[in-house]
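Residue numbers (the numbering used here), protein chains in the order written: chain A, 457 to 817; chain B, 14 to 274.
Bear in mind the hints are in silico, worked out from the structure with no lab data behind them.
One should not assume that every hint holds.
[Said to hold, decoys possible] Only part of the chain A face toward chain B is listed, based on derived beta-carbon distances under 7 Å: (1) Leu-734; (2) Leu-808; (3) Ile-811.
From a predicted model like this one, the values you see are computed outputs, not experimental measurements.
Positions of the beta carbon are idealized from the N, C-alpha and C atoms, including for glycine.
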Amino acid sequence: MVTLGRGVTADIEEQISSLGSNMFIVFPVQGDRDQLRPFDERDVEAVREQVAGVNFVAGQVESQVTAIHNGQNWRSKVEGVNNEFFDARGIKLDEGRRFSEREQQSGANVCIIGPTVRDEIFLASQSPVGEHMRLNNVSCQVIGVFATRGAVGGSDDDNAIFMPLTNVQRRFTGNDDIGYMVVAYDPSYSSTAMSHALVSLLRERRVLLEGQANDFDIVDTAEINETVASTVGTMTIMVAAIAAISLVVGGVGIMNIMLVSVTERTREIGIRLAIGALAREVRMQFLTEAVVLCCFGGLVGILFGFALSLGLSSLLGVPYVFDPFINILSFAISALIGIIFGYFPARRASNLDPIEALRHE
Amino acid sequence: MTTGPIIELEKITKTFGEGTAAFQALKGVDLTIERGDFVAVMGPSGSGKSTTMNILGCLDVPTSGVFRFLGTEVQSLTRDQRSLLRRKYLGFVFQGFNLLARTTAVENVELPLVYRGEGKAARREAALKALDRVGLVPWAEHTPAELSGGQQQRVAIARALVTDPEVLLADEPTGNLDSERSVEIMEFLAELNATGITILMVTHEPEMAAFAKTVVHFKDGLVERIERDHHQREPVGAARCSARPCSSPSVRSGGTSCAAF
Ligand SMILES: Nc1ncnc2c1ncn2[C@@H]1O[C@H](COP(=O)(O)OP(=O)(O)OP(=O)(O)O)[C@@H](O)[C@H]1O
Ligand SMILES: [Mg+2]
Numbered sequence: 457m458v459t460l461g462r463g464v465t466a467d468i469e470e471q472i473s474s475l476g477s478n479m480f481i482v483f484p485v486q487g488d489r490d491q492l493r494p495f496d497e498r499d500v501e502a503v504r505e506q507v508a509g510v511n512f513v514a515g516q517v518e519s520q521v522t523a524i525h526n527g528q529n530w531r532s533k534v535e536g537v538n539n540e541f542f543d544a545r546g547i548k549l550d551e552g553r554r555f556s557e558r559e560q561q562s563g564a565n566v567c568i569i570g571p572t573v574r575d576e577i578f579l580a581s582q583s584p585v586g587e588h589m590r591l592n593n594v595s596c597q598v599i600g601v602f603a604t605r606g607a608v609g610g611s612d613d614d615n616a617i618f619m620p621l622t623n624v625q626r627r628f629t630g631n632d633d634i635g636y637m638v639v640a641y642d643p644s645y646s647s648t649a650m651s652h653a654l655v656s657l658l659r660e661r662r663v664l665l666e667g668q669a670n671d672f673d674i675v676d677t678a679e680i681n682e683t684v685a686s687t688v689g690t691m692t693i694m695v696a697a698i699a700a701i702s703l704v705v706g707g708v709g710i711m712n713i714m715l716v717s718v719t720e721r722t723r724e725i726g727i728r729l730a731i732g733a734l735a736r737e738v739r740m741q742f743l744t745e746a747v748v749l750c751c752f753g754g755l756v757g758i759l760f761g762f763a764l765s766l767g768l769s770s771l772l773g774v775p776y777v778f779d780p781f782i783n784i785l786s787f788a789i790s791a792l793i794g795i796i797f798g799y800f801p802a803r804r805a806s807n808l809d810p811i812e813a814l815r816h817e
Numbered sequence: 014m015t016t017g018p019i020i021e022l023e024k025i026t027k028t029f030g031e032g033t034a035a036f037q038a039l040k041g042v043d044l045t046i047e048r049g050d051f052v053a054v055m056g057p058s059g060s061g062k063s064t065t066m067n068i069l070g071c072l073d074v075p076t077s078g079v080f081r082f083l084g085t086e087v088q089s090l091t092r093d094q095r096s097l098l099r100r101k102y103l104g105f106v107f108q109g110f111n112l113l114a115r116t117t118a119v120e121n122v123e124l125p126l127v128y129r130g131e132g133k134a135a136r137r138e139a140a141l142k143a144l145d146r147v148g149l150v151p152w153a154e155h156t157p158a159e160l161s162g163g164q165q166q167r168v169a170i171a172r173a174l175v176t177d178p179e180v181l182l183a184d185e186p187t188g189n190l191d192s193e194r195s196v197e198i199m200e201f202l203a204e205l206n207a208t209g210i211t212i213l214m215v216t217h218e219p220e221m222a223a224f225a226k227t228v229v230h231f232k233d234g235l236v237e238r239i240e241r242d243h244h245q246r247e248p249v250g251a252a253r254c255s256a257r258p259c260s261s262p263s264v265r266s267g268g269t270s271c272a273a274f
């Protein structure tokens with residue numbers, strides 16, 4: 457269980473680090489107004505030029521489209537971005553190339569498609585690169601396919617088509633609006649200072665008076681990272697608590713088995729005592745039995761847990777992280793439980809009166 | 014080791030329970046047993062025979078009185094000190110055999126040596142030697158369930174002998190056996206006694222008591238009468254069958270030989 461928890465943590469941490477650190481995501485919200493005021497290319501330009509420590513800024517805008525190729529229709533979305541966006545979001549290409557400088561400036565009809573789009577409307581036998589497809593009524597040429605980004609929270613990130621930002625604004629959304637921007641900054645700058653600088657610049661540009669609420673939001677990816685990690689951490693602790701409870705329950709079970717065996721073997725204990733066994737020798741015998749039982753149980757449990765974790769992690773699509781510490785710990789705990797819960801039955805056995813024990817049927 | 018009597022009981026009393034429920038099982042037993050004796054303890058049920066044997070076996074302590082074993086005052090020893098006395102000087106044979114059910118005959122015989130801390134090979138060797146004395150080497154690897162009652166009791170005797178004890182204590186060793194098996198066991202005990210081991214045995218049957226040198230009669234928690242130089246029956250095929258012990262028909266049917274080995 458703990459292993460699985462760590463697997464989830466590792467998985468989420470990886471997803472978040474693919475988001476990139478030292479990065480803000482800036483998007484418009486309603487604030488005090490009743491309408492959303494989007495950003496535009498000039499805001500992106502201003503952030504790039506006027507905020508110190510900014511490495512790059514990438515705007516994004518998207519629109520739902522129907523992709524058509526070879527008479528096949530597929531619902532997808534077109535995202536208008538520039539090459540910086542790929543770096544910011546850690547998107548890699550499976551094949552083909554990124555946009556050229558000219559294509560970005562002129563807004564050429566070229567696109568980079570996701571694996572889902574490729575699988576749905578292109579033939580498996582042939583690379584889609586170089587092929588032409590239509591997005592609604594816009595024809596464009598496929599120049600690349602990006603590597604899978606996985607599905608997060610139900611939405612398939614692989615079902616997307618990237619085109620140069622200016623082209624999407626001109627041909628699909630029909631305005632200069634930017635959906636959100638990704639701001640990557642130099643790690644030597646503090647995230648609070650950066651966020652303050654961003655806020656004051658954007659307030660000024662959007663002409664917000666003192667007392668008016670921000671009509672945009674800035675999310676720090678490091679913050680997301682932390683929140684998620686702590687959530688998953690809580691989860692792991694809870695799972696560990698459940699594991700601990702089951703250990704106690706198991707320990708009480710072992711104690712019961714050992715107590716029953718003391719009762720059942722009363723006569724044997726009587727014989728041993730009559731023959732001259734010392735109390736501590738009988739105690740050791742029962743303690744050893746309990747510990748051996750628990751160690752064996754611990755070993756079986758670890759093997760079982762190993763198999764279960766492997767199975768579950770492949771089922772949940774979470775990577776399996778083998779943690780030797782947790783395995784050694786569970787084994788040690790098993791042995792410890794053997795000692796703790798074996799002690800009382802052992803003490804009871806060694807305190808028996810040999811005469812009574814021998815008479816026992 | 015002292016040269017005096019091996020066992021001395023002086024004014025031994027034993028009370029079970031407390032208050033109104035208290036019951037005095039022994040009311041002042043005096044008894045001296047010399048080294049090499051073969052003592053049969055007899056008496057009606059409830060007269061305190063087993064209680065006395067438990068005290069003599071260092072399994073229990075008297076409520077009052079003095080019990081000297083090889084000169085040591087046992088009544089003031091701790092539980093563990095008494096355990097050590099048992100493991101060193103005493104062998105036990107019980108009415109119900111009391112073998113460990115899931116272990117073989119030879120492992121049962123080895124058990125006292127385990128607590129003496131002997132090595133595995135030495136244990137096995139000594140155990141097989143003891144089994145040889147009771148004629149059960151071919152049965153060494155059998156579990157008690159696969160042995161007859163007489164055989165089980167012989168394994169128990171082998172277990173008592175394996176440590177070369179000073180004293181062998183047997184509370185009704187033939188109580189669960191038919192008379193032929195009983196005579197076998199008794200003859201074996203008499204032979205053992207001839208090699209120098211002191212034997213104390215509780216029995217209800219005069220035929221078995223006939224093998225002893227001394228018979229102690231108990232009554233109501235007291236020693237009623239002691240027969241010393243008891244007209245002892247000879248072990249194995251001896252012809253002295255004239256005395257009272259041979260009155261049992263089952264034994265007499267053995268003809269000139271009183272025994273049926
Ligand atoms: N643990 C005990 N608690 C209470 N009373 C006991 C206990 N052990 C023995 N007694 C009583 O002490 C008396 C003597 O018992 P003991 O076992 O010595 O008799 P015994 O001579 O061996 O009899 P039997 O021939 O039936 O074996 C009996 O009345 C018995 O009920
Ligand atoms: Mg008795």
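Item to check | Restraint satisfaction for Ile-811 of chain A [CB to CB of chain B, less than 7 Å] | outcome: 5 Å, holds
Checklist entry - Is the interface hint for Leu-734 of chain A satisfied, with its Cβ closer than 7 Å to some Cβ of chain B? => result 5 Å, holds
Checklist entry - Are Leu-808 of chain A and chain B close enough, Cβ to Cβ, to be under 7 Å, as the hint says? => result 11 Å, violated
In this structure, the one hint that does not hold is number 2.
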